[in-house]
Structures are given as structure tokens and as C-alpha cells.
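Once you have looked at the hints, place chain A on chain S.
Top to bottom, those sequences are chains S and A.
Counting from 1, position 95 in the first sequence corresponds to residue 722 in this note's numbering; the numbering is continuous, with no gaps.
Counting from 1, position 242 in the second sequence corresponds to residue 869 in this note's numbering; the numbering is continuous, with no gaps.
For the record, the hints were derived by calculation from the structure and aren't laboratory data.
Check each hint, because a few of them may be wrong.
Cut-off 25 Å, straight-line C-alpha distance, at most; resulting in silico cross-link-like pairs (DMTMM-like, lysine to aspartate or glutamate) [said to hold, decoys possible]:
no.: 1; chain 1: S; residue 1: K776; chain 2: A; residue 2: E631
no.: 2; chain 1: S; residue 1: K844; chain 2: S; residue 2: D647
no.: 3; chain 1: A; residue 1: K844; chain 2: S; residue 2: D811
no.: 4; chain 1: S; residue 1: K776; chain 2: S; residue 2: E687
no.: 5; chain 1: S; residue 1: K844; chain 2: A; residue 2: D875
no.: 6; chain 1: S; residue 1: K776; chain 2: S; residue 2: E642
no.: 7; chain 1: S; residue 1: K844; chain 2: A; residue 2: E638
no.: 8; chain 1: A; residue 1: K776; chain 2: A; residue 2: D647
no.: 9; chain 1: S; residue 1: K844; chain 2: S; residue 2: E662
no.: 10; chain 1: S; residue 1: K844; chain 2: A; residue 2: D647
no.: 11; chain 1: A; residue 1: K844; chain 2: S; residue 2: D862
no.: 12; chain 1: A; residue 1: K776; chain 2: S; residue 2: D811
Covered by chain S, per the in silico footprint, the following chain A stretches (three or more residues, Cβ under 8 Å) [as the list claims (entries may be wrong)]:
no.: 13; stretch: 634 to 645
no.: 14; stretch: 721 to 731
no.: 15; stretch: 771 to 778
no.: 16; stretch: 793 to 800
no.: 17; stretch: 808 to 815
no.: 18; stretch: 826 to 839
no.: 19; stretch: 865 to 873
What you are looking at is a predicted structure, and each value in this text was computed from that prediction instead of being measured.
A virtual CB, placed ideally from N, CA and C, is assigned to each residue, including glycine.
2 protein chains.
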Amino acid sequence: MAGEIRVIPVEGMPEVQNGDDIPALLLEACTGPAELEAGDVLVVTQKIVSKAEGRVVQLEDIVASPLALALSEGTHRDPRHTEAVLQESARIVRNDRGTIISETRHGFICANAGVDASNIPGGSGTVALLPLDSDESARRIRRRVAEAKGLDVAVIISDTFGRPWREGATNVAIGVAGMHALADYRGTPDAYGEMLYTTMIAVADELACAAELVTGKTLGVPVAIVRGYRYPLGDSGSQALVRPAARDLFR
Amino acid sequence: MAGEIRVIPVEGMPEVQNGDDIPALLLEACTGPAELEAGDVLVVTQKIVSKAEGRVVQLEDIVASPLALALSEGTHRDPRHTEAVLQESARIVRNDRGTIISETRHGFICANAGVDASNIPGGSGTVALLPLDSDESARRIRRRVAEAKGLDVAVIISDTFGRPWREGATNVAIGVAGMHALADYRGTPDAYGEMLYTTMIAVADELACAAELVTGKTLGVPVAIVRGYRYPLGDSGSQALVRPAARDLFR
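Excised from the complex, chain S in its bound form:
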């Protein structure tokens, strides 16, 4: 029997700076209704992780290459911002109509290699890059919660990605610790006893989506707790969410 799930905003996170101890700030902010419990999923938006890990770059420190200059023509993007995108890209998947879709070092495919100028102080003069190892960022938070509170929680680092075919972006998991990112129903009978085959649900992405409903884009609430969800056990990291090229029809 399915139980109710709660999605709880974590209020009162301070402004995060380079070098800040995200786990310590989180543990301090998780009070009252956001007091952590075993089995919670702590969903942390990427931007504060990037800030704390020093993954913020001043455009004035970047020199745009000729390619970056060419790709920025006719777009709103500063060529130095484009240069940051190129430097964060392992592969350019599409470059058309002013948009750069690239594969990141983690294997994620997204617009601008996840390089983004929103919700960072300094406005258009600064850009945030994805964490170098977002699974390790998640594991670090999970470990610290276990040490400080003795609680077993899952941690997701989330970011906002667009997708082909459908308008609007949704949140996805770019870092996962303490759970399996996929619920695997292969070989499980459905409600009529028939075998479901090839049904894997990206529950880590669905958890990121649920959390986005309370963290939003403009609310200044960078963390949410999803409580009451019995997540699949394991420790797949976010790499379980990356489809191997050989099984992807849209590379």
C-alpha cells in the first residue's frame, strides 16, 4: 500500500559563498518541520553546491576563442560565457539556432553544458559551472548527515534541464547518493500478474521534479526534503541515469 509523500521546503539557508561547508549549513537549516528523519530524500539544487565548491567563474577572467566569438553571433550570450560552455563540454551534440546542446564531463546532455548565469550574485558578469563530481557532492552530504545525526538519508543534487520534443524544462538528478536512481520493474508482475518488461522508472529524476515544486526558481529555497518515499536501495550514483551512446537513438 502506498503512503502519502510530503515535499518539505528547507527555509533559512544562508547565502552560500565559495568554500562554505554545505553539509554544515544544511544541518543547521533542517529544523522544525524540516528536521531530518531516516529515509528522507534531501534534494539540493546545483547552484548552491557549485558556489560552495568554487565552480563560479568571472567572465572578466575568460578570453573568448574565435569559435566562441563565432557561436555567440546573433545570440544574447556573451562570447566569454560561450567560451565557458565550450570548456565545460566533452562533446557538442547540436549547435543550431543559437543553442548549444553538449555532453558534459559527467555524460549528461543538456543546454550550454549546464553553464548558467541565473541566481548568482554579480548577474551577467558571472557564470556557474556544474560541480566537477556531483555524485561525490551528494555522498559528502549523506556522510555528514550520518555522522552528525546517525540518520540514513538519500541525497540528490538537482539541476534544471530542457529536453527534446517537450516545452519547458524540468528538474533532473545530476548527483545521487544512498539510493538507486532507477526503480527497476523488469520481471515484476503488474497489477494483473502479467510481467512488465523493459520498465525502468527514473525515480531520482521524479524526486528532483517533486522537489522543484517547492524550491522553484525565484523563491530563494535551494533545498527540499521528500519524506515518505520508499526509494530503491542501492548506490548507483547518477551514472545509472546516463544512457550509453549505443542504446541512444538521438545522439
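Then chain A, alone, in the frame of chain S:
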């Protein structure tokens, strides 16, 4: 300030048959913790809507075309199942490695045009098709809740779609009534007062994801209520989620 969101499973929906009155069954099942409140988002999985609307086909009533026979070779799919996929497709987007990605009559791009054999009685001898007009299916439920209870609720019909690049499927909205499917932050200042541009969030899809965490695939819980989310006002239908071909790099 963001408040807490609750995702509440609606237990006790009976087995749905062709011709059943889904709104009446829903109103009956929504009791106790699932008693409806104004502002709720009622998320109804596609399969029960298709069943009630007679969108279930017996394979024995289908004759496979030569194309369906050819496309089924080397796959697990019954050629008559493939024929149903072809008949539900407005366009084949990709056909490779046994997979058919097609565009439906609604403009959705998904595997097998949404034709699916899981969670219907009769097992592999029957397939379910998407509702002919899933927005109208959603509007009908919304109207009946307003008539019976005097409550203004939003309604989403959800289905499970795969996506390029990422492993695992997630739930999406294929029918939307009583809300705008997208939260539009264009021209809204972010937490630092900078303007967010080109940021639209597909909140109807995120709501479908949140609901999937309680409806699952094998739980026999086909409906969930998302409570406490202040959804964007409007009545865009699901068509707002369909990216026009001219703005899509992956057709």
C-alpha cells in the same frame, strides 16, 4: 514563501471497465485523507482513462500489415501490436534497434505511440491506446468535480514516457485542465534581482512525476492528489507542452 506539498494516493478505485464513468468513480474514491479540496491537482494515470473510453483493442481483431510484420522481426512485439502502433502514429520519428519512436495525433513524441500492453486484463492479448483527446478527458473530470463538490481543482492525465539521453522513463502530462502546464519565469527577477530569461518550467510534467512516486507501476493505485501546490493559472491544455517542430533540434 514556499509551503509544504503533499502527494496523496487515492486508494480504492475499482477495476475500470469500458464505458465506466471515471469522474463518478473518482468522486467516490476521494474520501478520508483523499477528500478533495479546492486547489488540489488530481493526477489520473492514462491507463484507466483509456479503459473507460474504450481505447483498448484485442490483438485478435487486428490484421498486421506487411510493414508491421517487417518491423516486428527480431523484436518481442506481436506484429498486431506493431500494427496498432502504426495506426496510432501520425509520424515515425525513429525506427531502429526494434524501437519505434513516433508522434501521436496529439503531437506527443514517445515510444510505440503510447500503445502499451501492461496493466490491462487479458495480458499480451490486449493493448491500450492513448485517449483520443486527453485534454478533454481531463476537462471532463474537472467539470464533474466542480458540479458535484463546487471545488476548483486542476486535473492532469499522466503517462509514462522514455526520453533521449537519460535512462529510465518518467511520468509526463498528456492531458491538462484548470491550470497552465508551464510556469513562465521569463522577465521575472531571480533571487538576486537579475532577469531570468527563457526559463519555462514544465510544472505539469513535474506534478505527474511527483504523483508517480505514489502511484508507481505495480501498486494498483491509479490516481494521486497533489495538495498545497500553487499552480500557474490558465488553461493551456497539454498542447503547451508540445514543442513546435520549428523550435526542436531533435525531430
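Hints versus structure:
This hinted pair checks out: S/K776 and A/E631 have alpha carbons roughly 23 Å apart, not beyond 25 Å. As the CA atoms of S/K844 and S/D647 are separated by approximately 22 Å, the hinted pair is consistent with the 25 Å bound. Straight-line distance between C-alpha atoms of A/K844 and S/D811 comes to about 10 Å, which keeps the hinted pair within the 25 Å bound. A threshold of 25 Å between alpha carbons decides the hint, and for S/K776 with S/E687 the separation of about 42 Å lies outside it, so the pair is violated.
Using a Cα cut-off of 25 Å, the hinted pair S/K844 and A/D875 holds, with the two alpha carbons roughly 24 Å apart. Under the criterion of a C-alpha separation no larger than 25 Å, the hint pairing S/K776 with S/E642 is consistent with the structure, at around 24 Å. Taking the CA atoms of S/K844 and A/E638, the gap is about 33 Å. The hint is violated against a cut of 25 Å. Proximity of A/K776 to A/D647 is assessed by CA-CA distance (about 20 Å); at most 25 Å being required, the pair is judged to hold.
Between S/K844 and S/E662 the CA atoms are separated by roughly 23 Å; this keeps the pair inside 25 Å, and the hint holds. Proposed proximity of S/K844 and A/D647 is contradicted: the alpha carbons are some 41 Å apart, above 25 Å. In summary, the hint linking A/K844 to S/D862 is supported, as the alpha carbons are separated by about 22 Å, within the 25 Å threshold. A C-alpha spacing of about 39 Å is found between A/K776 and S/D811, which places the hinted pair above 25 Å, so the restraint is violated.
Judged by the Cβ-Cβ criterion of 8 Å, the stretch 634 to 645 of chain A is covered by chain S as claimed, because 4 of its residues qualify and three suffice. Here the stretch 721 to 731 of chain A counts 5 residues with a CB under 8 Å from a CB of chain S, which clears the bar of 3, and the coverage holds. Chain S is given as covering the stretch 771 to 778 of chain A, and this is violated because 0 residues of the stretch bring a CB closer than 8 Å to a CB of that chain, at least three being needed. Three residues within the 8 Å Cβ limit are the bar, and the stretch 793 to 800 of chain A against chain S gives 7, so the coverage statement holds.
By the rule of at least three residues with a Cβ nearer than 8 Å to a Cβ of chain S, the coverage given for the stretch 808 to 815 of chain A holds, with 5 such residues. Counting residues of the stretch 826 to 839 of chain A whose beta carbon lies closer than 8 Å to any beta carbon of chain S gives 11, which meets the minimum of three for the stated coverage. With 4 residues carrying a beta carbon less than 8 Å from a beta carbon of chain S, the stretch 865 to 873 of chain A meets the three-residue requirement, and the given coverage holds.
The structure shown violates the earlier hints numbered 4, 7, 10, 12 and 15.
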